Amino acid sequence: MKPSLADLPVGQHAAIESIDCDRSLSRRLMEMGLLPGTRVRVVRVAPLGDPIELRLRNYSLSVRRAEAARIAVSPEAAE
Amino acid sequence: MRDSETPPQVLIAGNPNCGKSTLFNALSGGSAHVGNYPGVTVDRTSARLRLGERDVELVDVPGMYSLTASSPEEQLAVNALTEGDTRAVVCVVDATTLERGLYLALQLIESGVSVVIALNMMDSAERLGLRIDTERLSQLFGSPVVPVVATKRRGLDTLLAALDEALAPDSGTKKANVTYPPELEADVAELVPVIAQWRSGTAPSQLRAVALWCLLSLGEDSLRGVPDDVRNAVHRIREAATAQGRNLDLEIISSRYVWLDGALGEVCTTRDPRPSWSERIDRVLTHPVVGLVVFASVMFAIFEALFAGAEPLISAIERLTGFMQAQAAAILPPGVLQDLVVEGIIAGVGNVIVFAPQILMLFLFIGFLEDSGYLARVAFVIDRVMKGVGLHGKAFVPLLSGFACAVPAVMATRTIERRRDRLVTMLALPLMSCSARLPIYILVVGTVFAGQSLGWFSAGAVALFSMYTLSVLVTLAAAALIRRTVLPGPAPTFVLEMPPYRWPSAQILWINAWRRLRIFLVDAGTIILAMTILLWALLSFPKSAEVAEHYTAERERVQQMALSDVEKADALRSLDSQEAADQLANSLGGRFGHAIEPALRPIGFDWQIGVGIIGAFAAREVFISTLGVVFGIGEADEENTPLREALRDARHADGTPVMTPLSGVSLMIFFLLACQCMSTIAVVRRESGSWKWPVFLFSYMTVLAYMASLAVYQGGQLLGFG
Ligand SMILES: Nc1nc2c(ncn2[C@@H]2O[C@H](COP(=O)(O)OP(=O)(O)OP(=O)(O)O)[C@@H](O)[C@H]2O)c(=O)[nH]1
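Residue numbers (numbering that gives the first Met the number 0), protein chains in the order written: chain A, 0 to 78; chain B, 0 to 721.
Isolated chain B, as found in the complex (with noise of 0.2 Å):
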């Protein structure tokens, strides 16, 4: 031990599905703390817990069915488990899949750590009529084996006891001991002396674990921290036994499952059951016809949630926002400290905190599609789809999820395994058409489309449909060209377990999206919030003197004019848009605005539209409302008919009208494919732990938008539009 202050630490390992986190909750109390392993993305979910005399650290680890790696994320679950601080190792075992579960306990066991095995979901095996001799079982292993339910929380106190015992000093028990062949062995043997030098100071037996290890994981890999010593060694042993007509890979695995099935034969008695209730449920559910109907209906349930369900809650914050803004707004006396408050720190926690429903929303409907096994059917039945595009059948729920919004969408990626696959899926589904962008293609139809129409259509209705249309085929697009050039490597591969249905827990449910909502607002609510107030400080400083002292006697003279009390509120008033707006046109956004317009003309856009653009990167939305300051109108929602008229009469130098139906297009083209949205960006980085990948995902949607919006506008030009 390191330091005497620092708990020993107890990992629960298992496989996907085995009952982990239900075991974890159950020991925990649900006290978890989530944290993240340092330098990848994986969450580490750790409690105290107090054993016998001592206090241990209890750890999660992401559900593997090996300890064999080959990218850094599974090196960490590894190293986690054989190495360091760890003591002991709870391996849960689903008591219905019996071998596949011993496989990774006894690679465990090989491995020289103490471990317990927990036989979980003990009950499904009975009602299975599997019976399971875990004397014998333990017996074989020389590991304490524990029947538990840990649902029900029926045999916790033994896990416990049997664990505490674990934790003391070696007892000796002669530990599961597999027989391989003797020219493997040889090669472990050439092998050994390699590994020595790499960790000196390890236990002989250990070492030939570690051996048996590099022979199955390296090649091919991505591992860290590997010495060029041992990879070569590891490289000219494996091309020597290929040489040879031997496959090593074969040889190690199989002769595992022997020993396991040999053990297995004694210690269980009905081996093969019969078709369970959930295959029946599957004869439904996959079913050509009927399969697909569930499966769209489903999925349409979750799209009408994110977006019809979480709206009155989402209007319910921003009204919480608006209250509070006006609150501090009478409390705090006018001026920097007021407008910093209000439009910089409420609004960005306000900013943050809208994003609440939907992602307690989707996370409590992934988490229930996940543990009652649907969702691997989901992948099953729509990965014929997304396999043309070089994508996983999980990324599914993840890309339709981008329609309602990018920030929770993100934050749904972490049910696809690989990294690789994972990420693919994160940079490309912020282009599907999320409901932020809504309002804007609704001024902007309003705008320039009022009341014309495309043959049987509205030209609004076909507006807005070919948005929708092309923000699909473009983001399937981006998938497939990033799997092809950024994150090249092999396709997606589909070996996914179908687990047996099963009703979920409401509390494990709860537990789960709470914790994901904690993770977003601690980790992406910081940024988001620091960025509102960057933007915020952008659009209002400089502060004018000049404009300040004309307005002041402005709003002198209008005092002096005989007019009536409402006639004064009414030029003061639009005085005071007229301010805002000649402060904003002078702050560093709108010089910039400006300064950039050369950029903006060629895609039909004025300075005006480019501030705009700028406060829109908050938030999508924010582009109405900053409009609405721009042009001097105060309070602007996409259903404002002034600001509506104020776009139609804006003009260029020329004259020209800015706001044709052809720039109109190519806004909303703009905005479709941009990523006007710093909460994206904000997810994107802790989703995928470093700030190149949000980098990215910014410069190509800017850059993609920016040339669709050109083709459109100077080819609509060419063809007469405009």
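For reference, chain A alone in the conformation it holds in the complex (with noise of 0.2 Å):
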């Protein structure tokens, strides 16, 4: 399986490969530019452990991690 973007841990690069959420969700993510090849980070994790903040394109964005979970990544190698 791969992992998805609630797996990934804090500070670690990825490219999404593909989004899987319901359709109105799905297409509000990829309008707002998280499409498969996009490069993403988890910046951090909410102090109740839940939603988690992204980077991508330049700014943030925070979703759950229910939604995160149906989004799957490729990590890249570590720096």
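If you are wondering where the hints come from, they were derived from the structure by calculation, not from laboratory data.
All values derive from a computational prediction rather than experimental measurement.
Mixed in with the good hints there might be a few duds.
[As the list claims (entries may be wrong)] SDA-like, lysine to any residue: derived pairs with alpha carbons at most 20 Å apart:
#, chain 1, residue 1, chain 2, residue 2
1, B, K542, B, W258
2, A, K1, A, L47
3, B, K386, A, L24
4, B, K386, A, R38
5, B, K542, B, A584
6, B, K386, B, V471
7, B, K386, A, G48
8, B, K386, A, D49
9, B, K151, B, K542
10, B, K542, B, S576
11, B, K386, A, L47
12, A, K1, A, P46
13, B, K151, B, I510
14, B, K174, B, R130
15, B, K542, B, P487
16, B, K386, A, V44
17, B, K386, A, R69
18, B, K386, A, S23
19, B, K691, B, P487
20, B, K386, A, R64
21, B, K174, B, K151
22, A, K1, A, D19
23, B, K542, B, V340
24, B, K691, B, A328
25, B, K386, A, D21
26, B, K174, B, N246
27, B, K542, B, L574
Using the hints, put the two chains back together into the complex; each one sits in its own frame.
What follows is the structure, given as structure tokens:
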């Protein structure tokens, strides 16, 4: 199984593989620039463990873990 | 143009937080007019602007990431941008997040409207070391690109000049043109003839844009006015694509981003700037320990400001209202007119402006949180908790404000984007125990629990604490329940941009808070005033001539008696109070109180409390002054000893006392849960855009309150209390 965004440790860069949320959410994420091939990084986790904050295309976006778990990624080799 | 009198419309669009409102205010000089789009509750902010030889109407459109729509609210913004009288759109793009902002610009250009791109936040971009070749960008997009700094008013003249040119007839420049995959082009070609029937008279290039929009927007939507032909065609095309393993949404969106990424490669020098100081602030503000401490402190500050900070202003307004009432009473001859002015009109205006301090304060606070970027962090930090009851993280601030007053709190729900999420929050938060309920608790506790204790604590303290705890639990439960039953739908998703921290401009904060206040005063204010007058009439008419005669005779009798002046004055005053009580009992409201007594008995109240409840609809505080009149005491407040004694002495027809600890608890619970507040009703009407929701709110809260009081009173009696 492919790792998902929710599995990424903080600070790890990865490239989006596919998005499998419901249609309107997938569409929203894609329109905000989260597309297959886009490079993302998990910046931090909220104090209570959820949601998580992502960094992509020069801005920050937070999503809930449940949603991040449906976004498959391929982690980049550690720097 | 339909009418040569209406000036051409120029819309300002852009992503949330790109500085759109700042630019709008800079261009319009703050002289905006806030109206309402027909049918939905989206504010329409507009201003007249002189541009070269002509006047234009500048309209601020709500922030958006794309033209794709699935709700009527989103559709409205899209229609405003691409149809009708719109002559040009200023697309504000945050230069530090170019791709995302230009994605919207690209869609606008595709749709065929004349676009001017305002590249805002150039100061931040420069600080980050981002270099942008605006000329090349302009060539690639076939639209003028003007770098600006809205906060410093930099580049505004150039922007206006570009806008003036854009309003001239099409210069025929080559517009940006995204290459879509051939399969998709085939789908579009199939859909275009159907669209052409729907939108006859539209240029072919625009038909193509509408086709793309339909493919992306339709399906699982609640859009209005899309013909079935178009829906069916879109459905068929999407099914066929899915069967081939294609994802149409992905094809359309990624084609655009591929084009954008290609274009930006030519235009930008630095792409991934070093982490900013904003990042360093976030390390502190979303830290597991420090972050939560800061969060709690900020929330406490809001709470304190609404509760204690607004208090002096509120009492000043109340004193002013009292003063005006006394003045009017002195000028006007006693009679119905005097009563109407004093107790109807002036009291009504007082009931409206008394909310001004809290509304202003809350909106200054929220404006500060929003524009500084911290509101997104508030939602980020607390979302985990809110998610459990199906609320959005952004519902937290409105709910918390509900402890002070539901009126500004309901207005504060507008920071929540999706309408459904807003409504759920708006319908649950009036259950938060607001500060107007406190005097009632104090009166009841002072009446039935005076001097008693439960273990180490005073019974009153336990009762108060329980009320507040109960209110939080009931609010959250109601939110969860409303979400599942009345407003079903997917749980709110939490996809939230975390904007960089910025220092907000005091002027903009003030303009926005003032705008909100004005909307409240005009829209909700008229309803509140009307209801105050109606309630006054209910509790004043009909006047009984018999009662009046009786007391006139009584007064004369007192005058004849051999009493000192002081004693006479006392006796006369008590006659006045008794007359007011008798007249009230005879009024429509009084009779109504009597009529509903059979329904009130099972929850431990009598008709006098019933009349108090009716009066309390004007504002909960009025419960106490109405009770003062009902019991013939005259002026009364919650610390009033005669009123407490009168309540303790009140007896049912069978001689049992009305106010027992049990009926006291029942009364407190009733007030906690009932929507005894016409101002809340008025403001929910304004913010939800229809009477349906306030009626629902009032009904469910009243039923809930009655059932809960019934359960407490009857259950308590069964268990041998009271
Ligand atoms: N540094 C800098 N900050 C700006 C500029 N323009 C706006 N801001 C700041 O950006 C923040 C957001 O500005 P707004 O005008 O409220 O943004 P908006 O696009 O109207 O946001 P929404 O109302 O949420 O759609 C505010 O704190 C502004 O002071 C600019 O040119 N440079």
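Verification of the supplied hints:
1. K542(B) - W258(B): 78 Å, violated
2. K1(A) - L47(A): 26 Å, violated
3. K386(B) - L24(A): Judged against 20 Å, a Cα distance of about 17 Å means the pair holds.
4. K386(B) - R38(A): 28 Å, violated
5. K542(B) - A584(B): 10 Å, holds
6. K386(B) - V471(B): 15 Å, holds
7. K386(B) - G48(A): 12 Å, holds
8. K386(B) - D49(A): 10 Å, holds
9. K151(B) - K542(B): 64 Å, violated
10. K542(B) - S576(B): With a Cα-Cα distance of about 15 Å, the restraint between K542(B) and S576(B) holds, given a limit of 20 Å.
11. K386(B) - L47(A): 12 Å, holds
12. K1(A) - P46(A): 27 Å, violated
13. K151(B) - I510(B): Within the cut-off at roughly 17 Å; holds.
14. K174(B) - R130(B): 23 Å, violated
15. K542(B) - P487(B): Cα-Cα ~49 Å, so violated.
16. K386(B) - V44(A): 16 Å, holds
17. K386(B) - R69(A): Holds. K386(B) to R69(A) sits at ~18 Å (cutoff 20 Å).
18. K386(B) - S23(A): 19 Å, holds
19. K691(B) - P487(B): 17 Å, holds
20. K386(B) - R64(A): 12 Å, holds
21. K174(B) - K151(B): 31 Å, violated
22. K1(A) - D19(A): 12 Å, holds
23. K542(B) - V340(B): Satisfied, since the Cα-Cα distance of roughly 17 Å is no more than 20 Å.
24. K691(B) - A328(B): This hinted pair is violated, its Cα atoms lying about 39 Å apart.
25. K386(B) - D21(A): Between K386(B) and D21(A) the Cα gap is close to 18 Å, so the pair holds against 20 Å.
26. K174(B) - N246(B): 27 Å, violated
27. K542(B) - L574(B): OK: K542(B) and L574(B) at ~17 Å, within 20 Å.
Checked against the numbered hints given earlier, the structure breaks hints 1, 2, 4, 9, 12, 14, 15, 21, 24 and 26 and satisfies all the rest.
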